[in-house]
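Trainee: Turn these sequences into a full structure, and let the hints steer you where they fit.
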Amino acid sequence: MKNINIPIFAIDFEGSRKIGVVEYAAVAILNGEIADMKTSICAPKIKIPQRDADFFGINNAEAARHKPFSARVCEFCDMRKSGIFAAHNAAVEDSLLRDALPSPSIVPNFIGGGNNADWSPWIDSCALVKNIFPSLASAKLSAAIDAFGLKPQLDSLAEKFCPPNRKVWHCAPYDALACAIIITHICGLDGFESVTADWLVKYSSAKSENSANLF
Numbered sequence: 015m016k017n018i019n020i021p022i023f024a025i026d027f028e029g030s031r032k033i034g035v036v037e038y039a040a041v042a043i044l045n046g047e048i049a050d051m052k053t054s055i056c057a058p059k060i061k062i063p064q065r066d067a068d069f070f071g072i073n074n075a076e077a078a079r080h081k082p083f084s085a086r087v088c089e090f091c092d093m094r095k096s097g098i099f100a101a102h103n104a105a106v107e108d109s110l111l112r113d114a115l116p117s118p119s120i121v122p123n124f125i126g127g128g129n130n131a132d133w134s135p136w137i138d139s140c141a142l143v144k145n146i147f148p149s150l151a152s153a154k155l156s157a158a159i160d161a162f163g164l165k166p167q168l169d170s171l172a173e174k175f176c177p178p179n180r181k182v183w184h185c186a187p188y189d190a191l192a193c194a195i196i197i198t199h200i201c202g203l204d205g206f207e208s209v210t211a212d213w214l215v216k217y218s219s220a221k222s223e224n225s226a227n228l229f
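For any residue, its number in our numbering is found by taking its place in the sequence shown, counting from 1, and adding 14.
Hints are computed from structural coordinates only; laboratory data are not their basis.
Predicted, not measured: the structure shown is a model, and the values here were computed from it.
Cβ coordinates follow ideal geometry from the N, Cα and C atoms, glycine included.
Quick list of the computed label-pair ranges, beta carbon to beta carbon:
1. 154 to 50: 22 to 28 Å
2. 81 to 119: 16 to 22 Å
3. 165 to 119: 37 to 43 Å
4. 177 to 146: 30 to 36 Å
Below 25 Å or equal to it, Euclidean Cα-Cα: the simulated BS3-like pairs (lysine-lysine) are:
5. 52 to 165
6. 144 to 216
7. 81 to 52
8. 154 to 181
9. 32 to 52
10. 95 to 216
11. 32 to 81
12. 165 to 181
13. 52 to 95
14. 216 to 16
15. 95 to 81
16. 81 to 59
17. 174 to 52
Mentor: This is how it looks when you write it as structure tokens:
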């Protein structure tokens, strides 16, 4: 990732537009390395239904001890001022972020140049996997991690960065780490060392049939 000189923040949210964000994580990728993580549980907009509480591994008593995501969204404004966001199936994270705050303040447009007031552009690790590895049976986050043999690396980094009991799938810090690892893995492949942020954004939206012309 020698040609990417801005931070990439790999983001994951647990929750829904109805419930709100009940957990977030943002993993900073700096100079091709996973450098830091911000993460917290958040108070929901409404009581978390039991089925969702079981899925997220977050109960209402625990969530109520934390601030709502609306009190945390300023952190994402600060991140967006310095870099760009990534997520696995980024439309979900983009929707939840816009639901909390339609746009940040004026921020640099690191891809097109100048400034804008938008959370985008996003790097989408799911789309990258589909475009670069169209023969994979699944681009699901866990499936991609397994296909690339990255589970040991993920679990090692989870020990360093994830809070206790948040080191499994469907926990925001674990899933955000997985997204970040997929991006750094792709950028470390033979022939991909010189990719740019523009390239990552481009192939986060390009159709898979164009993957034969990646460069």
